[in-house]
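Starting from the given sequences, assemble the full structure and let the hints guide the process.
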Amino acid sequence: MNPTRLAIYLGVPLVVLGAWFVLAASGTVNPFLLPAPAEVLADLGSVLTDGETYPHLWTTASQVLAAFLLAAAIGIGIGLPLGWYRTLRRAYEPVLGTIYAVPLIVLYPVIALSFGIGSTSKIVFGALYAFFPIVLGTVSAVSLVDQNLVSAGRSMGARGLTLFRAVVLPAAGPRIMAGLRLGVILATLAVVGGQYIAGTSGLGYLLATAGQSFQTVQMFAYILLTLAFAALVNGLMAALDHYSNRSYR
Amino acid sequence: MLSQDPSTQARRPEDPEPRIHVEGLDVAYGDPGGSRVHAVVDFSLDVRRGEFLTLIGPSGCGKTSILRAVGGLITPDGGKVQIGTTTVTGPVPDEMAYVFQDFALFPWRTALANVEVALELKKVPKSERRERSLEALATVGLTDAADRHPHELSGGMKQRVAVARALVSNCDVLLLDEPFGALDEQTRLVLGTELLRVLESLGKTIIFVTHNLQEAVYLSDRVVAMSARPARIKEIIEVDIPRPRLPEVMVSPAFTDIQHHLFSLLYEESALAMNQR
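Protein chains in written order, with the numbering used here: chain R, 3 to 251; chain H, 11 to 287.
Rather than coming from a laboratory, the hints here were simulated on the basis of the structure. Check the hints yourself; a few may be wrong.
[Unchecked claim] Under the rule of at most 25 Å between Cα atoms (straight-line distance), these lysine to any residue pairs were calculated in the SDA-like manner: (1) H/Lys-90 - H/Gly-34; (2) H/Lys-136 - R/Phe-166; (3) H/Lys-133 - R/Ala-173; (4) H/Lys-133 - R/Thr-164; (5) H/Lys-133 - R/Phe-166; (6) H/Lys-133 - R/Gly-162; (7) H/Lys-132 - R/Pro-172; (8) H/Lys-133 - R/Leu-165; (9) H/Lys-136 - R/Leu-165; (10) H/Lys-136 - R/Thr-164; (11) H/Lys-133 - R/Gln-149; (12) H/Lys-132 - R/Ser-153; (13) H/Lys-136 - R/Ser-153.
[As the list claims (entries may be wrong)] Which residues of chain H face chain R? A few of them, derived with a C-beta cut under 7 Å, are: (14) Leu-83; (15) Pro-103; (16) Ala-114.
Glycine included, each C-beta is placed from N, C-alpha and C at the ideal position.
Below, the structure is given as structure tokens:
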């Protein structure tokens with residue numbers, strides 16, 4: 003990579019890190035509120051080596067995965083017929099769009115009451131958040147499939163499920179994928195958020211306990227860990243997206 | 011003279027039975043009960059076995075609707091289409107293949123896989139699929155591009171993949187909906203010449219929709235000049251120019267006479283069509 007591009011890629015992260023370092027070192031901010039980067043990194047090192055963090059990481063990862071798969075199954079399952087049949091779409095797409103715009107966190111108390119404060123409520127909450135971008139993405143993906151491709155499939159004898167499998171699904175694929183990417187991000191957000199509000203394990207729970215017990219160094223270490231987790235999830239989805247659409251490029 | 015040529019005879023069989031019979035076709039669009047646009051009203055036509063028939067008319071006149079009804083892609087509001095003795099109620103992929111205006115290639119499939127899909131959908135065994143598809147690509151001169159995806163192909167190449175896909179199932183009827191519509195003038199001319207060469211050797215029955223006069227006369231045995239919407243037949247013109255036709259024929263007096271005649275027929279209809287929207 004040439005130096006200009008390297009500078010552009012690393013510019014913003016370096017400026018942020020630099021600002022953090024300067025602010026902490028100059029003493030203008032209370033070190034209790036903003037610990038020095040070196041301290042946080044050292045703590046992150048011990049957090050990663052003492053073995054107690056991994057079960058929490060696993061809890062979050064498995065809950066995000068379960069929430070995502072649940073939302074994907076229901077969202078795509080509902081989105082395909084809704085996108086295909088115009089009358090269904092006209093009736094329900096606006097409804098789904100409206101609910102998507104509501105802050106779904108208002109439903110968290112209901113979910114916690116119904117499913118307890120264990121894993122299930124986090125999965126349900128995560129799935130609820132992930133469902134909307136996935137179903138809306140699928141509806142628009144299917145409704146935007148080039149009707150000429152559908153006609154071509156039909157002219158070659160494809161009907162019903164064969165037409166769906168051979169033409170509609172692959173044609174809608176890239177846009178469905180875009181909805182899935184948004185969905186996994188929202189599932190992560192909701193799962194970690196749910197753990198933070200009321201949980202017994204997971205990254206959100208660690209963040210909450212560290213914050214509530216004023217362990218700010220540790221809290222920042224967990225923040226970095228959560229950011230890295232989210233970046234990893236997003237990176238995996240980007241790779242999957244790229245792989246599944248490779249022939250379109 | 012040239013009418014003794016065997017390929018000419020193949021295109022003019024003494025067959026009283028029409029290959030395709032269209033009777034009293036009505037096609038309308040819009041909500042039932044609401045305001046409807048009548049694209050085709052009481053349209054009848056017989057297509058002879060082995061002939062190249064062109065529907066030409068102002069854009070929006072309903073010629074594509076006729077083709078879609080013949081291909082079973084839309085259900086007409088009235089009338090019927092027969093292929094042989096069978097009444098068309100939906101696509102008949104064993105007898106008719108379609109080439110679409112913007113090619114309608116599947117972007118996720120390579121050129122070869124785009125041809126193969128026609129056979130896949132007919133449950134042809136895999137090894138045979140490959141072999142026949144490569145053959146069809148060779149017929150249109152695209153062997154080298156077999157592994158490329160549509161976005162890596164030029165317009166002319168895509169068009170040829172679409173023709174190969176239509177040829178691969180060995181249907182004897184081809185429905186071509188402005189297959190050159192998305193190409194520039196030069197590519198259009200070259201491909202038209204090439205297509206003619208391929209089709210003359212195959213003796214297929216072809217219905218071709220276009221609004222290009224020169225193309226219509228050059229390719230066809232008969233040209234059906236259509237009125238503005240709703241589609242009615244204004245005149246059917248026999249193109250008595252012997253085959254094989256070389257590109258030079260396009261400047262011959264016989265050719266330009268027919269082209270001029272068609273032009274005057276269509277000019278008033280096009281003017282009418284312009285005031286329809």
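Each hint tested on the structure:
Taken as a hint, the H/Lys-90 and H/Gly-34 pair is honoured in the structure, with Cα atoms around 7 Å apart against an allowance of 25 Å. About 21 Å separates the Cα atoms of H/Lys-136 and R/Phe-166, which keeps this hinted pair within 25 Å; it holds. Under the criterion of a C-alpha separation no larger than 25 Å, the hint pairing H/Lys-133 with R/Ala-173 is consistent with the structure, at around 21 Å. Restraint check: the Cα-Cα separation between H/Lys-133 and R/Thr-164 comes to about 12 Å, which is no more than 25 Å; the hinted pair holds.
Restraint check: the Cα-Cα separation between H/Lys-133 and R/Phe-166 comes to about 16 Å, which is no more than 25 Å; the hinted pair holds. Of the pairs offered as hints, the one joining H/Lys-133 and R/Gly-162 holds, with about 16 Å between alpha carbons and a cut-off of 25 Å not exceeded. For the proposed pair H/Lys-132 and R/Pro-172, the alpha carbon gap of about 19 Å is at most 25 Å, so the pair holds. A threshold of 25 Å between alpha carbons decides the hint, and for H/Lys-133 with R/Leu-165 the separation of about 14 Å falls inside it, so the pair holds.
Simply put, H/Lys-136 and R/Leu-165 have alpha-carbon atoms about 19 Å apart, close enough for the 25 Å limit, and the pair holds. A distance of roughly 17 Å separates the Cα atoms of H/Lys-136 and R/Thr-164; the hinted pair therefore holds under the 25 Å criterion. Distance check on the hinted pair: H/Lys-133 and R/Gln-149 sit about 24 Å apart at the alpha-carbon level, within 25 Å; holds. Straight-line distance between C-alpha atoms of H/Lys-132 and R/Ser-153 comes to about 16 Å, which keeps the hinted pair within the 25 Å bound.
A hinted pair counts as satisfied when its Cα atoms are at most 25 Å apart, and H/Lys-136 with R/Ser-153 qualifies at roughly 24 Å. Given the 7 Å rule on beta carbons, the hint for H/Leu-83 holds: about 6 Å separates it from the nearest Cβ of chain R. Hint status for H/Pro-103: holds, given a least beta-carbon distance of 4 Å to chain R, under 7 Å. At about 4 Å, the closest approach between the beta carbon of H/Ala-114 and any beta carbon in chain R falls short of 7 Å, and the interface hint on this residue holds.
Checked against the numbered hints listed earlier, the structure breaks none of them; every hint is satisfied.
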